[in-house]
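As they're listed, the protein sequences go chains A and B.
Each residue of the first sequence is one higher than the one before, counting from 0 in numbering that gives the first Met the number 0.
Each residue of the second sequence is one higher than the one before, counting from 0 in numbering that gives the first Met the number 0.
Watch out, some of these pointers could steer you wrong.
Derived DSS-like pairs: lysine-lysine, alpha-carbon spacing no greater than 27 Å straight-line [what the hints assert, rightly or not]:
(1) B:K198 <-> B:K211
(2) A:K27 <-> A:K86
(3) A:K106 <-> A:K152
(4) B:K243 <-> B:K222
(5) B:K138 <-> B:K198
(6) A:K106 <-> B:K211
(7) A:K222 <-> B:K61
(8) A:K25 <-> A:K106
(9) A:K222 <-> B:K243
(10) B:K138 <-> A:K222
(11) B:K235 <-> A:K226
Residues of chain A clear of chain B, computed beta-carbon distances all greater than 12 Å [unchecked claim]:
(12) Y7
(13) A22
(14) K27
(15) L53
(16) F123
(17) K151
(18) M176
(19) A190
(20) H193
(21) W208
(22) P250
Calculated from the structure, these hints are not laboratory results.
Cβ coordinates follow ideal geometry from the N, Cα and C atoms, glycine included.
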Amino acid sequence: MSWEHFIYFAIVSILCWAYGAYAAWKDKTKTAYASTGLGLLVFFAFIIAMWISLERPPLRTMGETRLWYSFFLPLAGLIVYIRWKYKWILSFSTLLSVVFICVNLFKPEIHNKTLMPALQSPWFAPHVIVYMFAYALLGAATLMAVYLLFFKKNHNSHFSTEMDITDNLVYVGLSFMTFGMLFGALWAKEAWGHYWAWDPKETWAAITWFAYLAYIHYRLMPKSDVKTALWMLLIAFVLLQMCWWGINYLPSAQATSVHTYMN
Amino acid sequence: MWNKPWRLQEGFVIGTGLIVTGLMLQFSMGPIDWSLFTWPANIIVLAVFLLLSVIIYACRSKVYGFRFLATYTCAVPALVMTAALTIIMGLTAQVSENSQPADFLGITKMLSFWPFVLLYLWIAFILAQVSLMQLFYFKWRRLPSLVSHLGLLITLLTATLGSADMQRLNMYTVLDQTEWRAINKQQVVQELPIAITLKQFIMETYDDGSPKRFASDIIIYTKNGDSRQATVDVNKPVEVNGWKIYQYGYDTAMGAESQFSILELVRDPWLPYVYAGIYMMLFGALTMFIFGVRRKKQ
Chain A
0 MSWEHFIYFA IVSILCWAYG AYAAWKDKTK TAYASTGLGL LVFFAFIIAM WISLERPPLR
60 TMGETRLWYS FFLPLAGLIV YIRWKYKWIL SFSTLLSVVF ICVNLFKPEI HNKTLMPALQ
120 SPWFAPHVIV YMFAYALLGA ATLMAVYLLF FKKNHNSHFS TEMDITDNLV YVGLSFMTFG
180 MLFGALWAKE AWGHYWAWDP KETWAAITWF AYLAYIHYRL MPKSDVKTAL WMLLIAFVLL
240 QMCWWGINYL PSAQATSVHT YMN
Chain B
0 MWNKPWRLQE GFVIGTGLIV TGLMLQFSMG PIDWSLFTWP ANIIVLAVFL LLSVIIYACR
60 SKVYGFRFLA TYTCAVPALV MTAALTIIMG LTAQVSENSQ PADFLGITKM LSFWPFVLLY
120 LWIAFILAQV SLMQLFYFKW RRLPSLVSHL GLLITLLTAT LGSADMQRLN MYTVLDQTEW
180 RAINKQQVVQ ELPIAITLKQ FIMETYDDGS PKRFASDIII YTKNGDSRQA TVDVNKPVEV
240 NGWKIYQYGY DTAMGAESQF SILELVRDPW LPYVYAGIYM MLFGALTMFI FGVRRKKQ
């Protein structure tokens, strides 16, 4: 098994996920579960086959990491769907997964790229994958905030279905962000000797974490204002962008971050 | 202002008060010297913090300001202002641990900047009050919240107070020679209770010449006469008597022919407590993910 076979597995998986997403819109819950699950099985079969043929877990290159994103996104989408029955979540997770699959199909040369020793850690994939999933969910929460602030007229209810969805997205997003951050800390201890070094990326990760915590606490506060809460989400997402790629353009963060080679 | 119940504005005034107090401390005493917090100073500070937290909790029915600490209305300004100062830190180039701040205020050494530390201390007091309240009025549905708050509190306190007890040393080991001295970040040589002989430096490269793996085959001797062989790889430190030994560097000009290997030796006696806090936060995040929002319906 090699990357040449990837396209066949990918197409079958994408078709299954797309059909599952369609079934979710049509309220055919069981079909959505089955189809998404089948797609995941097919995709995972490819990962296992790669694992066997490489004689090592496929976690080493960026391409292999993207392989795991592409797998975990629909899986997490399915979990969220089972938990809260949001019709759109499977479409969203499928779309994101397709983006990563396409990157792997059109940029295959990256698979041969070397990986420096510090990145050769079992923590690498989970650290990045859960962060990416958190970013995806918080991106969805941001879209909800934009919709409620600028497109839906006169939205002021604290307890609307839309606010429930937004809050749930932030809660799940923040849980995953916490996993990503703490996995990073546990990895850093093994690789660099300390779990937290206030590296620019870490500083901005802390800022982003505080920003979403501020939103959650503000929402629970008595007499809070819905519009202020939604604006907090927009600001938090801007801070998240700083953490994700913005620091690469910050003069203060140049050449001091252990994270700069990741981009 | 100051009519009960307090609102966000009172919280922001408290935070501003802490920043002003911090600035006065900064100008009168200079930046915080964390190296003063070595054992037993750190355990005394920790005991005082815990004692104060219990006293504040015990007086919460009498003093409104103490009760306010455990409210969402207090948490929001504390989080926003702490984030704001951390943003300033993220936007300014920070000087190294052993240098003086490069600006007159001290924000280029934010970790020693009094207002920054006071805001984090405020967060710690809030976390302690919330944890105590949720412990005394325990409810299963609040377990994710309790574990998250307590975990963050333990992590913050032990990581900060324990930092002065952490030793990070570099040891230059030369092939077939035994070394027991290492230098710390202040370039002071220290003798260690363990000695290391470098038996072999291992280097593998990719086709383009970039390093694929570098590692050291070493023999470690301890004071009680034991010795053991080990391979120290990047990402795979070896632990001996509370010291973690890391592969740190080598003679980059020589590459695979390097005649020496640089090891980093790290001892952090507070690490188990920091990890306890981290694992509690992981548990809190997991349960938060599983159970989601439990909101009171109006």
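Tested hints:
no.	hint	in the structure
1	B:K198 <-> B:K211	holds (20 Å)
2	A:K27 <-> A:K86	holds (10 Å)
3	A:K106 <-> A:K152	violated (43 Å)
4	B:K243 <-> B:K222	holds (16 Å)
5	B:K138 <-> B:K198	violated (58 Å)
6	A:K106 <-> B:K211	holds (22 Å)
7	A:K222 <-> B:K61	holds (25 Å)
8	A:K25 <-> A:K106	violated (35 Å)
9	A:K222 <-> B:K243	violated (51 Å)
10	B:K138 <-> A:K222	holds (24 Å)
11	B:K235 <-> A:K226	violated (49 Å)
12	Y7	holds (29 Å)
13	A22	holds (23 Å)
14	K27	holds (24 Å)
15	L53	holds (15 Å)
16	F123	violated (9 Å)
17	K151	holds (20 Å)
18	M176	violated (8 Å)
19	A190	violated (5 Å)
20	H193	violated (7 Å)
21	W208	violated (9 Å)
22	P250	violated (7 Å)
Checked against the numbered hints above, the structure violates hints 3, 5, 8, 9, 11, 16, 18, 19, 20, 21 and 22; every other hint is satisfied.
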